[in-house]
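Undergrad: Quick note, the sequences are listed as chains R and U, same order.
174 is the number that the numbering used here gives to position 174 of the first sequence; each next residue is one higher, with no gaps.
195 is the number that the numbering used here gives to position 195 of the second sequence; each next residue is one higher, with no gaps.
Where hints are given, some of them may not hold.
Some chain U residues close to chain R (C-beta under 7 angstroms, calculated; not the full set) [said to hold, decoys possible]:
| id | residue |
| --- | --- |
| 1 | PRO29 |
| 2 | ASP34 |
| 3 | PHE152 |
| 4 | LEU274 |
| 5 | TYR278 |
| 6 | THR379 |
Capping the alpha-carbon separation at 20 angstroms, the derived lysine to aspartate or glutamate pairs in EDC-like fashion look like this [said to hold, decoys possible]:
| id | chain 1 | residue 1 | chain 2 | residue 2 |
| --- | --- | --- | --- | --- |
| 7 | U | LYS82 | R | ASP89 |
| 8 | R | LYS55 | U | ASP334 |
| 9 | R | LYS27 | U | ASP89 |
| 10 | R | LYS287 | U | ASP403 |
| 11 | U | LYS27 | R | GLU426 |
| 12 | R | LYS413 | U | ASP334 |
| 13 | R | LYS113 | U | GLU440 |
| 14 | R | LYS70 | R | GLU93 |
| 15 | U | LYS113 | R | ASP427 |
| 16 | R | LYS55 | U | ASP89 |
| 17 | U | LYS413 | R | ASP334 |
| 18 | R | LYS413 | U | GLU270 |
| 19 | R | LYS213 | R | GLU239 |
| 20 | U | LYS396 | U | GLU440 |
| 21 | R | LYS389 | R | GLU371 |
Computed far set for chain R versus chain U, every beta-carbon distance over 12 angstroms [said to hold, decoys possible]:
| id | residue |
| --- | --- |
| 22 | TYR77 |
| 23 | ASP80 |
| 24 | ARG137 |
| 25 | VAL178 |
| 26 | GLU222 |
| 27 | ILE250 |
| 28 | LYS447 |
| 29 | ILE470 |
Keep in mind that the hints were calculated from the coordinates and are not lab data.
Note that this is a predicted model, so its numbers are computed, not measured.
The beta-carbon is built from N, C-alpha and C at its ideal position, and this holds for glycine as well.
Protein chains: 2
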Amino acid sequence: IAKEVAKLLEMKAQLGEDEGKHKFVLKTPKGTRDYGPKQMAIRERAFSAIISSFKRHGAEVIDTPVFELKETLTGKYGEDSKLIYDLKDQGGELLSLRYDLTVPFARYLAMNKITNIKRYHIAKVYRRDNPAMTRGRYREFYQCDFDIAGQFDPMIPDAECLKIVHEILSDLQLGDFVIKVNDRRILDGMFAVCGVPDSKFRTICSSVDKLDKVPWEEVRSEMVGEKGLSPEAADRIGEYVQLHGGLDLIERLLQDPQLSQNKLAKEGLEDMKLLFEYLTLFGITGKISFDLSLARGLDYYTGVIFEAVLLQQENEHVEEPVSVGSVAGGGRYDGLVGMFDPKGRKVPCVGVSIGIERIFSILEQRLEASEEKIRTTETQVLVASAQKKLLEERLKLISELWDAGIKAEMLYKKNPKLLNQLQYCEDTGIPLVAIVGEQELKDGVVKLRIVATREEVNVRRESLVEEIRIRTNQC
Amino acid sequence: IAKEVAKLLEMKAQLGEDEGKHKFVLKTPKGTRDYGPKQMAIRERAFSAIISSFKRHGAEVIDTPVFELKETLTGKYGEDSKLIYDLKDQGGELLSLRYDLTVPFARYLAMNKITNIKRYHIAKVYRRDNPAMTRGRYREFYQCDFDIAGQFDPMIPDAECLKIVHEILSDLQLGDFVIKVNDRRILDGMFAVCGVPDSKFRTICSSVDKLDKVPWEEVRSEMVGEKGLSPEAADRIGEYVQLHGGLDLIERLLQDPQLSQNKLAKEGLEDMKLLFEYLTLFGITGKISFDLSLARGLDYYTGVIFEAVLLQQENEHVEEPVSVGSVAGGGRYDGLVGMFDPKGRKVPCVGVSIGIERIFSILEQRLEASEEKIRTTETQVLVASAQKKLLEERLKLISELWDAGIKAEMLYKKNPKLLNQLQYCEDTGIPLVAIVGEQELKDGVVKLRIVATREEVNVRRESLVEEIRIRTNQC
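Work out the full structure: start from the sequences and follow the hints.
TA: Encoded structure:
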């Protein structure tokens with residue numbers, strides 16, 4: 001309906017060009033949305049869980065501009081480059097909106113010659129993709145990235161990234177999930193032993209990447225039909241990509257007569273084994289699946305790759321379950337920083353990106369279905385009056401409260417009715433009302449009303465701040 | 001120097017086009033900057049003071065997209081429209097980056113038919129202006145906006161906006177400041193009684209707006225020479241714009257034989273009087289100056305306008321004082337929402353925008369000049385080992401700590417030297433080290449070292465979490 005309305009409004013606007021000044025369309029750009037106070041409250045909850053985890057792991061935080069020089073983004077995203085938003089050439093530099101936070105991070109490292117950092121970055125990125133907003137797919141969306149850059153012993157930072165994904169998805173209580181893990185070196189080794197020519201590694205990898213959405217038969221026919229792979233090679237790939245498991249599968253593949261002969265695959269499998277040992281110490285292998293069908297789209301990965309998928313929705317209360325797929329992904333990209341360094345000096349990196357919009361869709365639907373009333377302010381007390389002509393007294397009192405750090409509001413009316421003032425508290429969840437009246441002023445007290453119980457107590461003016469703090473537990 | 005280097009790099013890049021793949025310029029776009037962990041820590045401090053104040057006044061929070069339909073921004077900014085960043089036409093809608101947060105807010109209100117809200121919004125805005133980065137003037141910069149929309153009794157929300165500016169500038173301890181206040185209706189009334197033709201109100205207003213940067217003589221010659229105002233009218237304006245003061249000045253102008261005859265001016269002066277009464281109740285008139293030279297550039301203001309200016313720098317420790325001007329500004333814009341409503345329905349609004357980048361420049365310079373070491377992580381404990389071959393034990397322990405909510409780090413090395421681990425704590429300010437060694441493992445204890453005092457105590461493993469919490473005071 002919203003779409004139809006927008007269309008009609010647009011048509012109307014086009015027809016009515018000469019009608020006057022109100023001809024514009026009242027909407028946000030395609031694939032974007034506003035966040036109202038309720039949505040912001042939900043978003044803040046999700047951010048808070050994510051930031052807590054990032055900080056728990058000792059990450060610093062950085063920020064970069066929303067746009068980069070166009071050339072900074074060129075050649076980093078493979079086929080997806082067509083989705084980049086360019087700015088209009090208005091003279092000066094050619095600019096593009098950032099497509100992710102990883103390439104700006106690599107540019108930042110190279111530019112500042114940083115070879116060692118653990119940082120997070122939470123910001124919006126931009127993709128001119130086909131939006132599917134009910135499923136949380138937007139053209140403007142947040143990414144929450146945590147990355148570890150530096151030359152370290154193998155798989156220790158990689159294991160920590162997976163631990164973080166596990167922590168965040170558990171904290172947010174999004175239901176059951178699995179984190180699929182693979183390694184670009186294992187994929188490349190597999191392609192080699194299956195008879196894929198070197199030149200076709202990346203394009204065949206793209207085909208494999210589609211396996212989470214389309215069945216093997218379709219992927220196979222794309223490989224053979226469109227991409228000219230021999231049917232035998234495709235079938236051999238088909239056998240491998242069905243495999244998923246844990247340490248046992250890794251051991252089996254290490255014994256695989258072909259794979260074990262391939263240097264890349266062997267390196268990848270041995271690191272995968274080490275990774276699983278560390279994940280065992282972290283106690284999280286129950287949610288980890290070594291999955292040979294996981295490929296990931298982006299060009300820049302060089303080692304471990306992973307993707308977290310929600311397995312089912314707790315949709316008891318939800319009429320139409322949100323179909324969300326991947327909610328987090330990441331991997332190792334040891335070559336990206338070197339692409340920015342004039343001398344090609346490499347800084348190995350591994351990182352994870354949390355897809356907050358999909359998580360947000362779930363939390364939003366869940367909250368809508370529940371009875372929970374979410375507060376959108378933190379106001380502790382409403383300063384009210386019982387009679388007329390007390391505006392000055394309300395202003396004096398609220399100023400005292402603000403200066404003492406109390407979160408306080410009042411109605412912007414000269415003579416508001418007491419009932420309206422109490423109703424405002426009910427509507428917005430303000431727990432206390434500080435009522436000034438003529439008698440109270442004479443007695444040097446304020447009447448403090450507890451909204452929930454309707455209890456009223458007279459509090460001496462000099463004790464009011466303390467009393468509000470105690471009653472709202474915010475000292 | 002940085003500029004010269006960038007220029008040279010650019011020249012080198014242009015010359016070196018055929019040299020190979022590393023031909024790009026390694027920089028952020030003109031007028032933008034990265035925020036490293038230290039800058040982020042300072043930024044977070046400033047944000048925290050600002051958000052605290054906004055929440056203390058009961059504001060909700062919203063967010064809007066970074067770009068709007070181009071037509072949403074058209075006709076709102078007067079001459080400044082030329083500074084808007086447009087996106088490239090890649091098919092579909094024509095988009096522009098937001099120029100401020102006020103116009104998107106008005107669009108949001110009209111689109112959602114909201115007639116009553118108190119909200120804040122902190123986000124980046126974009127202006128293709130001439131950057132002056134050392135003075136905190138960027139092309140990408142944060143605005144921190146607080147606005148009150150709705151039909152209320154006069155001057156109550158307006159007074160609250162000024163109270164908020166006063167709170168924030170006091171909290172941030174930026175030194176002495178003054179908040180200049182004026183009213184568009186007083187300006188327009190003044191122009192009328194001085195003999196400025198109606199058609200020249202806006203352009204003469206722009207000239208007056210320059211008075212904080214250039215002397216009256218220059219402004220006068222612009223009015224007379226470029227804008228064709230009669231010398232007599234200019235001289236009469238010249239007398240008014242020198243005036244500034246408090247309630248006394250308002251009273252005097254209310255008696256002014258010409259001004260008091262002008263309906264607009266009279267309305268404005270009476271509201272200004274009311275505003276000063278409320279500000280007296282808030283106890284902040286000491287920092288408020290009714291200033292007839294304050295004009296503000298933007299087209300959309302309709303009533304009270306204001307601007308906060310820092311009076312001097314505490315530059316005892318600062319070699320080169322930052323010359324900052326206005327750090328906050330705002331006013332009443334009762335017509336803007338109506339421009340978006342198909343039926344022109346008005347929603348009166350008043351709001352304030354805090355210019356965080358200028359404030360940030362000051363805080364950054366002050367911190368650099370001081371001896372204060374700023375921490376960029378919150379890590380409570382480093383998990384370390386005293387001997388080799390204890391990686392697994394470190395991983396097990398750190399996982400326990402993370403799961404208990406402790407902020408913990410470890411070095412990503414199989415066998416790090418104890419000295420390096422202790423050095424890492426010194427460098428990053430981590431207060432505690434939890435050391436696992438063979439003897440400790442046997443005894444079921446962990447050696448907890450307090451970095452500052454070098455004191456070491458053995459703590460039973462099951463009490464470790466509690467002990468860390470107590471010692472870092474983060475329960």
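Undergrad: Hint by hint, say whether it matches the structure.
TA: Against the structure, the hints come out as follows:
no.	hint	in the structure
1	PRO29	holds, 5 angstroms
2	ASP34	holds, 5 angstroms
3	PHE152	holds, 4 angstroms
4	LEU274	violated, 11 angstroms
5	TYR278	holds, 6 angstroms
6	THR379	holds, 4 angstroms
7	U:LYS82 <-> R:ASP89	holds, 13 angstroms
8	R:LYS55 <-> U:ASP334	violated, 43 angstroms
9	R:LYS27 <-> U:ASP89	holds, 18 angstroms
10	R:LYS287 <-> U:ASP403	holds, 16 angstroms
11	U:LYS27 <-> R:GLU426	violated, 53 angstroms
12	R:LYS413 <-> U:ASP334	holds, 18 angstroms
13	R:LYS113 <-> U:GLU440	violated, 40 angstroms
14	R:LYS70 <-> R:GLU93	holds, 8 angstroms
15	U:LYS113 <-> R:ASP427	holds, 19 angstroms
16	R:LYS55 <-> U:ASP89	violated, 40 angstroms
17	U:LYS413 <-> R:ASP334	holds, 18 angstroms
18	R:LYS413 <-> U:GLU270	holds, 18 angstroms
19	R:LYS213 <-> R:GLU239	holds, 18 angstroms
20	U:LYS396 <-> U:GLU440	holds, 14 angstroms
21	R:LYS389 <-> R:GLU371	violated, 40 angstroms
22	TYR77	holds, 15 angstroms
23	ASP80	holds, 14 angstroms
24	ARG137	holds, 15 angstroms
25	VAL178	holds, 20 angstroms
26	GLU222	holds, 27 angstroms
27	ILE250	holds, 18 angstroms
28	LYS447	holds, 20 angstroms
29	ILE470	holds, 18 angstroms
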